[in-house]
Amino acid sequence: MSDRDDQEPIDRPEVISLEFPARADLVVLARFTAATLGARSGFDVEEIEDLRLAVDELVVSFEAVQAGGTVHLQCTQQRGEVTIECTVEPGATMRPSDGIAGEELWGAGGELSKQLLDALVDEHGREHRDGQPCVWLRKHRANPSG
Amino acid sequence: MDPPARRTDALDRFRDLSTTSDPRLRDELITSHLGLAHQLARRFAGRGEPHEDLVQVASIALVKAVDRFDPERGVQFSTFAATCIIGELKRHFRDRGWAVRAPRRIQELYLEVGQNIDRLSQELGHPPTVPELAAAIGATEDAILEAIEAGRGYRTASLDAPDANSQTMADSLGSVDSRFAHIEDRSVLADALQALPARDQAIIRLRFIEGMTQSEIASRLGVSQMHISRLLAASLRQLRTGFADGQARDA
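Listed in order, the protein sequences are those of chains C and X. All the letters of the first sequence, read from the start, carry residue numbers 34 to 179 under the numbering used here. All the letters of the second sequence, read from the start, carry residue numbers 286 to 536 under the numbering used here.
Check before you lean on any hint, since a few could be wrong.
DMTMM-like mimics (lysine to aspartate or glutamate), calculated; alpha carbons at most 20 Å apart, straight line [claimed, not checked]:
id : chain 1 : residue 1 : chain 2 : residue 2
1  : X       : Lys375    : X       : Asp427
2  : X       : Lys375    : X       : Glu357
3  : C       : Lys147    : X       : Asp312
4  : X       : Lys349    : X       : Asp312
5  : C       : Lys147    : X       : Glu495
Pulled from the structure, derived: some chain C residues nowhere near chain X, Cβ distances all over 12 Å [said to hold, decoys possible]:
id : residue
6  : Ala72
7  : Arg73
8  : Gly75
9  : Lys147
Quick caveat, the hints were computed from the structure, so don't treat them as lab data. Don't be surprised by glycine CBs; every beta carbon is placed ideally from N, CA and C.
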């Protein structure tokens, strides 16, 4: 990665995909990727800090449910907006029925996570995609012209 | 034994010490230079380490300096001691300030980033972007992001550590706590907060219930935005752990 000559946010989407074991100590990979895309979207440092906290919350809360699984992360930035989508492939030690439906999707601390994310990002949600649980968040640059 | 005669010349007193090894003279020399240790410790205040820890490090360095000083080398003791104390304080920040050891250049850049965020926020009227920070510091954007991430490894200062005005962050939070007394908040977050110390609760409430920005909280408490960021991250980690433990107990 290198510094851009043109600091204007890029118009075409930039997509970075990550895959890593669902372990809290590897969340740094997700945080750093999100922060980098936030910077490229023109976020100020405080928006980047909020994004990093949100990614922590997103991945760690998911990891708690899906211990032993594999995290798939898709990070996209376009026009001053960063979207992070996280799916988790259940680990071999988990039964197919373990904690991947309904309110269990975000784990026992789901309501807490939602409340934190409400304050940190503009939109977030949880759903099933192709039978896989998926949590996502989206954050816009506060000052699009800045 | 008679008390050592008071000498006006510090070098003579150290010469006496080297020949007599008089413990009372040693104590007297240490005590008479404690002001220097306090003064140098204050110069390192506001960098995320509790003031009392810095005074302790500086005082220990002073004792070592008294024991190691050679009056025949033609250097004033205060000069020698200041060099020893500053060296010890720097080592303390390098080795103890970081829970996760980061390369020295990143540690130094992190401190520089923190100072520039506050300065640029004042000058620009909004928190700086990464390119603005990079330009101000003369570093690459990648390095800035690396330093911000490395900041997670920096220990958060005690809320009881006094700032330059001898006021602790806990003092500032006192008025904040009282404002929450009337808030009837039945949210999950409010319940989960009970697991945290009162002062951490207050910061989390300001950010997630009151909706204040990190900069606004930092301004109210008289600390840097990066300090608030570290405190928030640490408190959220503790919150998750506490929540998980509570769930495990209830299961």
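How the hints compare with the structure:
A threshold of 20 Å between alpha carbons decides the hint, and for Lys375 of chain X with Asp427 of chain X the separation of about 26 Å lies outside it, so the pair is violated. A C-alpha spacing of about 27 Å is found between Lys375 of chain X and Glu357 of chain X, which places the hinted pair above 20 Å, so the restraint is violated. Taking the CA atoms of Lys147 of chain C and Asp312 of chain X, the gap is about 59 Å. The hint is violated against a cut of 20 Å. Straight-line distance between C-alpha atoms of Lys349 of chain X and Asp312 of chain X comes to about 12 Å, which keeps the hinted pair within the 20 Å bound.
Only pairs whose Cα atoms come within 20 Å are accepted, and Lys147 of chain C paired with Glu495 of chain X is accepted, the gap being roughly 16 Å. The Cβ of Ala72 of chain C sits about 4 Å from the closest Cβ of chain X, inside the 12 Å cut-off, so the non-interface label is violated. At roughly 9 Å, the least C-beta separation between Arg73 of chain C and chain X is not larger than 12 Å, which violates its mark as non-interface. Residue-level check failed: Gly75 of chain C sits 6 Å from the nearest beta carbon of chain X, not beyond 12 Å.
Under the 12 Å C-beta cut-off, the non-interface status given to Lys147 of chain C relative to chain X is violated; the minimum distance is some 8 Å.
When the structure is compared with the earlier hints, violations turn up for hints 1, 2, 3, 6, 7, 8 and 9 and for no others.
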